[in-house]
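Top to bottom, those sequences are chains A and B.
The opening residue of the first sequence carries number 1 in this note's numbering; numbering runs sequentially from there.
The opening residue of the second sequence carries number 1 in this note's numbering; numbering runs sequentially from there.
No false leads were slipped in.
Stretch-level coverage of chain A by chain B, calculated; a stretch enters the list once three of its residues show a Cβ under 8 Å from a Cβ in chain B:
id, region
1, 38-44
2, 48-57
Here are some, though not all, of the chain B residues that point toward chain A, as calculated from beta-carbon distances under 7 Å:
id, residue
3, F26
4, F27
5, A30
6, A34
7, L39
8, A46
9, A50
10, E53
11, M74
It is worth saying that the hints were derived from the structure and are not from the lab.
Quick reminder that beta carbons are idealized off the backbone N, C-alpha and C, glycines included.
Number of protein chains: 2
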Amino acid sequence: MNPGPSADPAVTDLLGLLAYAELGSFFRLADDAALAPTLRDKGRLASLAAEEERRYERLRERLVERGADPEEAMEPFVAPLDAWHARTEPQSWVESLVKTCVGDGIAGDFYRKVAEFADTGTSALVEGVLAEEGRGTLISGMVRAAVHEDPALAGRLSLWARRLVGEALSQAQQVAAARPRLAALLADGGAGESAVDGAGIGDLASVTRLFGSIADRHAERLEAMGLSD
Amino acid sequence: MNPGPSADPAVTDLLGLLAYAELGSFFRLADDAALAPTLRDKGRLASLAAEEERRYERLRERLVERGADPEEAMEPFVAPLDAWHARTEPQSWVESLVKTCVGDGIAGDFYRKVAEFADTGTSALVEGVLAEEGRGTLISGMVRAAVHEDPALAGRLSLWARRLVGEALSQAQQVAAARPRLAALLADGGAGESAVDGAGIGDLASVTRLFGSIADRHAERLEAMGLSD
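Only chain A is shown next, with the shape it has when bound in the complex (with noise of 0.2 Å):
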């Protein structure tokens, strides 16, 4: 709740992380829509790529609220991010489909963080994009369809969910390099003691930490999809 003198920039950092993050998956979910097998998919899936849009511009706003330009804020995570999307570029609907399920699970650990320490109008924010409960279900349970239909597919997808997911902590990696106040941030939970100067050594230990936890909760969502790990 106190976020000491060099925190704030860092919740800058990641609300412009998480803003840049949705608008991707605005545009991942609409290409998923697009490839949707019916009509009635398409609808669902463009539906969620709405809500996304929205959680984009809200994020949008509360940067612009805490007097940031919010532009500037996401544009450190461009290149990391698309770099993710270009290194995981999905061969078919369900493998996109698994994309956005891990995608939209490590985003909510980044809320879920955000939550436990930033100020009051954002933790609002956080509490009501996380309260959105359903969309997961949904998609989930389109994967767990196709893999009930075809089970061949559920170990390819589990390679295919663990790659995302390394990719994703081989980005987050630089990223934390890059922004070392957004990595104590984030491992540190915003008590600041280590995050002063940046990222020293145990804070890339927090880093590690957060990741590994990351991890645990990637466990829970690949069993939602009837997948393993």
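Based on the hints, put chain B in the right spot on chain A.
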């Protein structure tokens, strides 16, 4: 206001047509957003795409309220609308924006037609849609800015806009021939006197008049984009 015995399924047709058209606009605007040169424009266009998606949802809900199967109601319009999109693939971002303007404009003409004669619930929906101003202004402003920067674009984009309307009218003629009740409704505003057995010679003349009024409004929209016919 009294649509007569044959008009009810025609209203379902019209709502199905508009719903699928909005879904298509959503996909097109999402593509425009992905291709936008700046982060700010990406966000602006993504927001317009999400707005189209909400219109699609409202139309779909209205179909459900009227007791229709919404996907069945859209189905007859999938092929002609997809054909329009396939035959008018934009070659650049600004061509895509012009396409959005032209498509929106034609959709607006249809919405206005619906408002004239539909049942109360549907009219309320349509008036809500028509009250959402600003989107056209934003996109035509982007086109104007592009033409201002490169005046040589004006002639090429005017030809492009003409082709877009021409292809739309050609698809619309096929739809009118295949859905005589819808054609009669659009032509007569649901008066119904010539609509009972579908489109006779008189109906085709009325459809031609409707197309004429679409073409008239097209000139206004061109002007808003800084183009001429």
